[in-house]
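Q: Residue strings, one per chain:
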Amino acid sequence: MPTTDELKLRIETAIPGASAQVIDLTGGGDHFRASVVAPEFADMSRIEQHRRVYAVFGPDIGGPIHALSLETRAE
Amino acid sequence: MSETTENPIREAIAEAIRDHEVILFMKGTPERPACGFSARTVAALEATQAPFAAVDILPDPRIRQELSALSNWPTIPQLFVKGELVGGCDIVTEMYESGELAEVLGVEPPANAPDEAPKAAEPGAPPLQIDNNLVDRS
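Same order as they appear, the protein sequences are chains A and B. The number in my numbering is simply the position in the first sequence, starting from 1, with 1465 added. The number in my numbering is simply the position in the second sequence, starting from 1, with 36 added.
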């Protein structure tokens, strides 16, 4: 079962300079919310920013991670 | 890539997106959303009073699979306006609150529309709380 620490680590490892805060929305280990700040988001639309974070998890979204709610910012 | 497709589900989805100016792919129906994220997105759309079409992706797992392949977006709901993916629940909610949603939908938000996106339960949360308006909050 994924943990908030694991999600945070995966985001921060995959996206250079990113800082992520992850909470478990339900305590069930499958619905998460992440706030992600990353310099590269400056040149991206909101859709692209969210796609970038979803891409970190690939098929895990909809698998072990049922839901990942996102808030993304460039700084 | 050839124009003729051997993927009727993907073709039907693409056609629905082409044919409807505003279309939401969701879990359940606007009347009976089957997921908190879908419920919240419907609530934001309804608060703008813009008309929208809705497709329930639950009856056949291939709908979600093909939709996500087409849109390059892994989660449900997904809102499309004029053929373009606008986003999922988070983006629609943010856009509602900033006023961008009404703008993209080409409507004037009703004067009594709430500033914050209407709350729907988070997934897995207890059933919707009903405010007791009889309590004196002053």
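No lab work stands behind these hints: they were computed from the structure. Worth double-checking, as some hints may not be accurate.
Pairs of lysine to any residue residues, derived as SDA-like cross-links and limited to a Cα-Cα distance of at most 20 Å, are as follows [as the list claims (entries may be wrong)]:
(1) B:Lys118 to A:Asp1495
(2) B:Lys118 to B:Lys155
(3) B:Lys155 to A:Asp1489
(4) B:Lys118 to B:Asp151
(5) B:Lys63 to A:Asp1495
(6) B:Lys155 to A:Ala1485
(7) B:Lys155 to A:Val1521
Q: Given the hint that Lys118 of chain B pairs with Asp151 of chain B, test it: the Cα-Cα distance must not exceed 20 Å.
A: Distance ~25 Å between Lys118 of chain B and Asp151 of chain B Cα, so the pair is violated.
Q: Does Asp1495 of chain A lie within 20 Å of Lys118 of chain B when you go C-alpha to C-alpha?
A: The given pair, whose Cα atoms are some 33 Å apart, is violated under the 20 Å limit.
Q: Holds or violated: are the alpha carbons of Lys155 of chain B and Val1521 of chain A at most 20 Å from each other?
A: violated (29 Å)
Q: Need the status of pair Lys155 of chain B, Asp1489 of chain A: alpha-carbon distance at most 20 Å?
A: holds (19 Å)
Q: Below or equal to 20 Å on CA atoms is what counts here, so check Lys155 of chain B against Ala1485 of chain A.
A: violated (25 Å)
Q: Does the alpha-carbon distance linking Lys118 of chain B and Lys155 of chain B stay inside the 20 Å limit?
A: violated (26 Å)
Q: If you draw a straight line from the CA of Lys63 of chain B to the CA of Asp1495 of chain A, is it 20 Å or shorter?
A: The hint holds at about 17 Å.
Hint compliance for this structure: hints 1, 2, 4, 6, 7 are broken, all remaining hints hold.
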